[in-house]
Structure formats: C-alpha cells, structure tokens
Amino acid sequence: MPVYTQVNEKVLHVTLAGEEVFARKGSMVATKGDVLFARSFLGGGGVQQLAMRAVTNEGIQLMSARGHGEVWYGHRGLHVSVVPLRGERLCVEADNVLAFDARLRAGTSFLGSQGLRGLASGVAAGQGLFTSTFEGHGEVALLSDGDAIGLEVTSSRPVSVDPQAYLGHKGNLDSTIVTDVNWKTLLGQTSGESYQLRFTGQGTVYIQASER
Amino acid sequence: MTTFRLTNDRLLEVSLQGEKVMALAGAMVAYDGSVRFEKSMTGGEGLLGALKRRVTNEGMALMVASGTGTVWFANQARELTILPLRGEKLFVESRSLLAFDPSLRTDSVFTGLRGAASGHGLFTTTVEGTGNVAVMSFGHLLEFEVGPGQPLFVDPDAFVGHRGSLAQEFVFDVNWKTMVGQSSGESYQLKFTGTGVVYVQPSERK
Amino acid sequence: MRLSFQSLPDDDNLGRFAYSIRVDGEMFIRKGKMIAYFGSMKFEAVGSSLVDILFKEAMNAPMHVNDFVVVQGQGKLVLGDNGLDIAAYNLEDATFTLKAEHVLGFQRTLRCQESTLPGYLTLIGSGRLLASSNGPVVFVEPPCRVDEEAVVGWADLPSPSYRYDYQYVQGALAAVGAAAGITRSGEEKQLDFYGNGTVLVQSSEDALGRPGRLASIVAQLTGLHASELQQLSREVSGRMAGRS
Chain B
15 MPVYTQVNEK
25 VLHVTLAGEE
35 VFARKGSMVA
45 TKGDVLFARS
55 FLGGGGVQQL
65 AMRAVTNEGI
75 QLMSARGHGE
85 VWYGHRGLHV
95 SVVPLRGERL
105 CVEADNVLAF
115 DARLRAGTSF
125 LGSQGLRGLA
135 SGVAAGQGLF
145 TSTFEGHGEV
155 ALLSDGDAIG
165 LEVTSSRPVS
175 VDPQAYLGHK
185 GNLDSTIVTD
195 VNWKTLLGQT
205 SGESYQLRFT
215 GQGTVYIQAS
225 ER
Chain Z
21 MTTFRLTNDR
31 LLEVSLQGEK
41 VMALAGAMVA
51 YDGSVRFEKS
61 MTGGEGLLGA
71 LKRRVTNEGM
81 ALMVASGTGT
91 VWFANQAREL
101 TILPLRGEKL
111 FVESRSLLAF
121 DPSLRTDSVF
131 TGLRGAASGH
141 GLFTTTVEGT
151 GNVAVMSFGH
161 LLEFEVGPGQ
171 PLFVDPDAFV
181 GHRGSLAQEF
191 VFDVNWKTMV
201 GQSSGESYQL
211 KFTGTGVVYV
221 QPSERK
Chain G
112 MRLSFQSLPD
122 DDNLGRFAYS
132 IRVDGEMFIR
142 KGKMIAYFGS
152 MKFEAVGSSL
162 VDILFKEAMN
172 APMHVNDFVV
182 VQGQGKLVLG
192 DNGLDIAAYN
202 LEDATFTLKA
212 EHVLGFQRTL
222 RCQESTLPGY
232 LTLIGSGRLL
242 ASSNGPVVFV
252 EPPCRVDEEA
262 VVGWADLPSP
272 SYRYDYQYVQ
282 GALAAVGAAA
292 GITRSGEEKQ
302 LDFYGNGTVL
312 VQSSEDALGR
322 PGRLASIVAQ
332 LTGLHASELQ
342 QLSREVSGRM
352 AGRS
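Residue numbers (my numbering), protein chains in the order written: chain B, 15 to 226; chain Z, 21 to 226; chain G, 112 to 355.
Hints listed in this document are in silico derivations from the structure and should not be mistaken for laboratory results. Since the model is a prediction, treat every value here as computed from it, not as a measurement. Treat the hints with care, since some could be wrong.
When the alpha-carbon atoms are kept at most 25 Å apart in a straight line, the in silico PhoX-like pairs for lysine-lysine are as follows [to be verified]:
(1) G:Lys167 / G:Lys142
(2) Z:Lys109 / Z:Lys40
(3) G:Lys142 / G:Lys153
(4) B:Lys39 / G:Lys300
(5) G:Lys153 / Z:Lys211
(6) Z:Lys211 / Z:Lys109
(7) Z:Lys211 / G:Lys142
(8) G:Lys153 / G:Lys167
(9) Z:Lys40 / Z:Lys59
(10) G:Lys300 / B:Lys46
FRET-style restraints, in silico, Cβ to Cβ [said to hold, decoys possible]:
(11) G:Ser118 / Z:Arg56: 43 to 49 Å
(12) B:Gly185 / Z:Ala187: 52 to 58 Å
(13) G:Met112 / B:Arg80: 44 to 50 Å
(14) Z:Lys59 / B:Gly47: 53 to 59 Å
Note that CB positions come from ideal geometry on N, CA and C, so glycine has one too.
Could you build all of it, start to finish, from the sequences and the hints given here?
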C-alpha cells in the first residue's frame with residue numbers, strides 16, 4: 015500500500031510499490047524512480063472510476079501516479095495534512111483534496127448546487143455539484159491555507175463555522191446553514207459571510223486559519 | 021479580562037464567560053456555545069476617535085463578540101502573537117490588529133508625514149490599558165529591543181508596532197532609493213530611538 | 112524572545128522566516144529584503160562607480176544586477192522575504208545554481224553569474240549564501256524529475272534538461288486539442304536531473320509569482336531585431352485577445 019509521509023508542513027511524500035495514487039493536477043513537485051503520470055479519465059470501472067467521478071465532477075482535475083518509486087506533492091505553499099480514516103466517512107470540499115488512493119471508497123454527496131461551502135456562501139459561479147466523500151480505512155491528504163485544525167463536536171457541543179474557513183468533516187454529523195440576521199448587518203454587502211455552517215452530532219470538523 | 025490562547029501559530033482561541041472581545045470583522049472562523057456578534061461603530065475610543073478614523077483611513081471594521089463559549093479567529097493564515105498589556109500604550113498598524121480586550125482604550129494618533137508617497141495613513145492606532153491584544157504578521161513577529169545609543173532602523177512595510185518610550189523619525193536616505201523593492205514606492209526608513217520594543221514582521225508584504 | 116543589538120546572532124536564523132547577519136565590511140543583498148538593522152549601514156546600488164570597482168569580480172550578472180545592493184558598514188542586519196523560509200548555505204569550492212528571486216544575499220567571495228537557464232543565477236566559489244523557499248527545503252538526490260515551479264536550485268550538478276511525459280502529452284493533446292496547446296500543469300514537463308549532487312525542492316511558488324522570470328524575458332529582448340519584436344508584439348496581442 016502507498017505510504018504517506020509528511021516531509022514538512024507543505025510537502026507530502028508518497029512511496030509507491032506498484033500502486034496508483036490520485037492527486038490534484040499540477041501538485042507533483044518531484045519524483046524518483048519508475049513512475050508514470052497520466053491524466054485520469056472516466057473510463058474503466060470499479061473503485062477508481064468512482065473516485066475519478068467523485069472529484070472530477072466537482073471541477074478538480076486529477077492525475078494518477080503509478081509505478082515503483084517516490085513522489086513529492088505540494089501546492090503553492092498551502093499546508094498539507096494527512097487525515098487518517100478508520101472506517102469513518104470524510105466529507106471534504108474538492109479543491110482541498112491533495113491525494114488519496116484506492117484503499118478508500120470515494121464518492122460524492124449532493125449538498126445543493128455548489129457543495130456545502132458554495133451553498134453556504136451563495137456563490138453563483140458554476141463550480142460543481144457535489145462534495146467529495148471518502149470512506150474506509152486509509153489516508154486522505156488535504157490542502158489548507160494555514161494548518162488544518164480539527165474541532166471535536168459532541169452532542170452537547172455543536173460548532174458553528176465560517177463557510178470560507180470550512181475544509182471538511184468526518185464522523186456522524188449533521189450540518190445546517192444558519193442565517194444570522196445580526197451577522198448580515200455586521201458585514202454588510204459581503205454575502206458570503208452572512209451565513210454559518212452549524213454542525214451537530216459526534217465527529218470532527220476541519221477548518222483552516224483563513225477565509226479564502 | 022478576556023482569556024486569549026493560540027490554538028496554533030495562526031489560530032486564536034478566545035474563551036468567553038460573559039465577557040466580550042473586539043475583533044476584526046469577518047475574522048471569526050468558528051465558535052461554539054452561545055455567542056453573539058455585533059458591529060462595533062467605535063473601537064472604544066469615543067466619538068472623536070471615530071471621526072478621526074473616518075478622516076484618516078486608519079480605521080478598521082470591528083465587531084464585538086459576547087456571550088458564553090469559545091470563538092476562533094484567524095485572517096489570511098497570518099502568524100499571530102498575543103501581546104499582554106499592563107497599563108502601557110501600544111502603537112500598532114491597524115492592518116496588523118486581529119483582536120483585543122474591550123477594556124482597552126483605542127485611539128488613532130498622528131505619526132508624521134509618512135504616507136505621502138506610500139498610501140499609508142498619516143495615523144496609527146494606539147491601544148492602552150490592561151488586557152490582551154492579538155496582532156497578525158506575515159511570518160512570526162520579531163521583537164527588537166531598543167536602548168540608549170542603539171537606534172533601530174526598520175523598513176516601513178515590515179513595521180508592525182512599538183511600545184515603551186520611543187521616538188519615531190522618518191529617515192529619507194538618497195541611497196535608500198536603491199533599496200526600493202517590488203512595488204513599493206517607499207524611499208525612507210523608520211528610525212526608533214529611546215528605550216522600548218519595536219515589533220517587525222519578516223516580510224515586506226503589507 | 113527580545114532581540115537587542117547584543118543578542119542578535121552574528122550569522123543565524125531568527126526562527127524560520129528571518130535571518131540576522133553581523134555586517135562588518137560588505138556583502139550583496141537583494142533589494143527590499145532588509146527588514147531592520149542596528150548600527151551604521153549604507154546600501155548602494157551596484158551601478159555606482161566605487162562599488163563597481165570593488166565588486167565587478169563578484170557580480171557578473173548584468174540582467175540581475177539591479178535586483179541587488181551592496182551593504183557597507185558595521186552593525187546587525189535582519190533580512191526577511193515575504194514570510195518565506197530562509198536558509199544559509201556555506202559553499203566550499205562549490206557551484207550552486209538557484210532561481211534568481213530566491214537568492215537573498217551572498218558574500219563577495221562568491222562569484223555570481225547568470226545560468227544558461229533563464230531566471231537562474233549560478234554562484235561559484237567559497238562563501239556564505241542566503242536563500243529563501245516556500246516552506247522548508249526538501250533535498251532530493253538525482254536521478255530525479257522536478258516540477259520547475261518547485262525547484263529552488265541545485266548544487267554540483269550539470270544543468271537539467273526538460274523531460275516530457277509522453278503518455279501525458281498524448282493524453283493532453285487528445286483531450287484539449289493541438290490548437291490550444293499543452294496546458295501547463297507540471298506533470299507533462301519536468302526538469303530532469305542527473306549526476307552526483309543535490310536538488311533543492313520546495314512546495315510550488317505561491318500566488319506572488321516570479322518577478323525574476325519576467326525580468327529575464329525582458330532582458331533578452333535587447334538581442335531581437337525590429338521585425339522579430341513586431342512578431343513578438345503580434346504574438347502577445349494574440350494571447351491577450353484569446354484570454355479575454
């Protein structure tokens with residue numbers, strides 16, 4: 015299985031022994047050994063095809079790396095974090111996905127016309143229809159502006175998050191969009207911030223230290 | 021006094037038990053509990069300050085958060101530093117202010133003739149009293165100690181703030197023009213003399 | 112940590128993003144990267160006559176000469192580069208090539224020349240060099256292939272060549288069409304390194320872009336004939352129209 019190691023806060027290292035890793039297009043920083051890169055197509059079938067569709071449908075192009083060797087990944091100095099999944103389901107905004115592989119079942123979750131962040135911020139631009147979901151046992155590497163922080167949510171402790179800072183969430187969580195009248199008047203014209211995402215249940219919400 | 025804590029280098033965590041916190045509007049990234057956010061017309065400096073701010077462009081849109089719970093603040097993934105004040109006065113560029121204790125008095129003061137070429141305000145913000153201030157910088161904030169006979173020269177774009185009894189001068193150096201980097205039109209340095217601390221970010225990004 | 116004139120290190124990092132140097136004599140630094148200093152210092156453009164005589168040996172890169180100044184005097188100088196990581200390299204009889212905008216400063220014992228790869232500087236000899244990177248530098252041993260956006264530089268290696276990933280190019284051509292050209296994503300075209308040395312790699316350049324690349328293109332225009340310039344102008348207009 016591919017081994018994910020964080021070299022530093024901005025670079026991920028993956029060792030391949032014949033497997034295939036999917037990553038955000040343009041994020042390969044360096045490579046050694048016998049690794050072939052290919053644009054990923056919707057052809058084929060099975061898990062990989064699902065994975066492709068999950069992410070490409072959201073407007074993020076993927077490339078696959080397959081072979082024997084090493085690949086370093088990074089993207090414009092954004093922070094990298096590796097989220098381990100032990101049977102849970104991770105929902106994540108597609109443009110925050112750096113890398114994953116076939117150990118996880120990738121899918122999509124319909125959350126309105128723009129994904130959770132898009133829906134909440136009311137952006138009209140045609141970005142995508144789904145938010146990516148990953149399920150199973152394995153790792154997903156995420157990109158964030160500043161470190162990714164996991165906030166624990168418990169039944170007695172719901173958390174509200176600024177949609178621009180939201181990266182994703184895992185566990186058994188329900189999300190609602192909260193419109194705060196106060197908040198609207200506070201920020202005036204900036205529509206994006208007049209909503210918050212409210213998470214209830216049991217799980218982790220990931221945020222970044224920025225409102226991109 | 022409101023409790024400030026850094027979750028990490030770029031995220032500020034403020035616990036409220038009925039207290040308030042003043043922050044840059046829009047810098048809330050998450051909260052739990054029961055917290056209310058409202059627009060703040062003044063930074064606590066009164067009507068005169070508000071008027072001055074409107075004129076000087078040194079103003080920042082502030083909000084006040086109150087209630088019971090935890091609020092996380094961040095902005096542009098910039099590095100954060102908590103500066104506790106115990107009765108002193110801190111001079112700080114308003115672009116670097118993220119959050120502060122509402123018991124602190126803020127004002128804007130005239131700092132001289134800079135900005136004519138740079139587009140900087142002619143004013144800078146002062147924060148005075150007892151309580152925490154969270155400042156932002158591109159890269160970790162550096163604290164320089166200035167003593168008698170040891171003036172410090174600072175690039176205006178890297179300047180964040182200062183405290184203590186310091187005099188600030190503008191040094192127009194012909195040679196300095198050769199130092200002009202990137203898009204900035206600066207042709208001066210800031211010179212600090214006296215005794216105190218100068219805060220500088222390791223970046224010429226404003 | 113409070114930094115005073117006395118406590119500032121003579122030659123060391125102040126955390127990841129700043130570097131302190133004791134100036135006692137002269138050295139080259141990149142314009143605009145001085146963030147603060149104690150003491151008495153002068154910053155002079157390399158164009159001024161006295162400096163020219165002193166440093167013509169060390170600075171042999173006319174296309175980049177305006178990006179550097181010579182610091183003279185005594186004191187402690189602190190450099191920063193937009194919050195990028197800064198590292199110091201002690202070169203001993205070395206050949207070190209770096210992306211021009213990542214060269215923050217160097218001692219005059221080193222000789223600075225333009226690399227044959229546009230936008231890169233080669234430092235030759237022995238001395239201290241300061242360089243910045245987007246995140247800490249990752250050292251990779253050749254043979255390896257590196258995305259150009261992610262290259263900081265390389266030491267003691269021959270200049271790299273471009274390598275196209277045939278499968279990728281084929282796919283890209285089929286998908287996008289030859290007319291639109293190959294979209295630049297980094298995967299289809301990489302710098303290919305061979306030899307016994309080290310490649311310095313970072314996360315790709317951030318949104319601030321690369322001023323050095325444009326400067327090096329502009330500097331090359333001087334060699335063009337009028338008809339070639341007209342052709343270039345048409346090419347640029349065509350690109351601009353296509354983009355809008």
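Consistency of the hints with the structure:
Between the alpha carbons of lysine 167 of chain G and lysine 142 of chain G the distance comes to roughly 18 Å, so the proposed pair stays at or under 25 Å and holds. Proximity of lysine 109 of chain Z to lysine 40 of chain Z is assessed by CA-CA distance (about 21 Å); at most 25 Å being required, the pair is judged to hold. The suggested pairing of lysine 142 of chain G with lysine 153 of chain G holds, with an alpha-carbon distance near 13 Å, which does not exceed 25 Å. Restraint check for lysine 39 of chain B and lysine 300 of chain G: satisfied, since their Cα atoms lie roughly 13 Å apart, inside the 25 Å limit.
For the suggested pair lysine 153 of chain G and lysine 211 of chain Z, the alpha carbons sit about 14 Å apart, so the restraint of at most 25 Å is met. Between lysine 211 of chain Z and lysine 109 of chain Z the alpha-carbon distance is near 19 Å, which keeps this suggested pair within the 25 Å criterion. For the proposed pair lysine 211 of chain Z and lysine 142 of chain G, the alpha carbon gap of about 19 Å is at most 25 Å, so the pair holds. Between lysine 153 of chain G and lysine 167 of chain G the alpha-carbon distance is near 18 Å, which keeps this suggested pair within the 25 Å criterion.
Distance hint between lysine 40 of chain Z and lysine 59 of chain Z is fulfilled; the C-alpha atoms sit about 13 Å from each other, no more than 25 Å. Distance check on the hinted pair: lysine 300 of chain G and lysine 46 of chain B sit about 15 Å apart at the alpha-carbon level, within 25 Å; holds. At about 45 Å, the CB distance of serine 118 of chain G to arginine 56 of chain Z agrees with the hint of 43 to 49 Å. Between glycine 185 of chain B and alanine 187 of chain Z the beta carbon distance is about 56 Å. The supplied range of 52 to 58 Å therefore holds.
A C-beta distance of roughly 48 Å is found between methionine 112 of chain G and arginine 80 of chain B, which places it inside the suggested range of 44 to 50 Å. For the pair lysine 59 of chain Z and glycine 47 of chain B, the supplied restraint of 53 to 59 Å holds, since their beta-carbon distance comes to about 57 Å.
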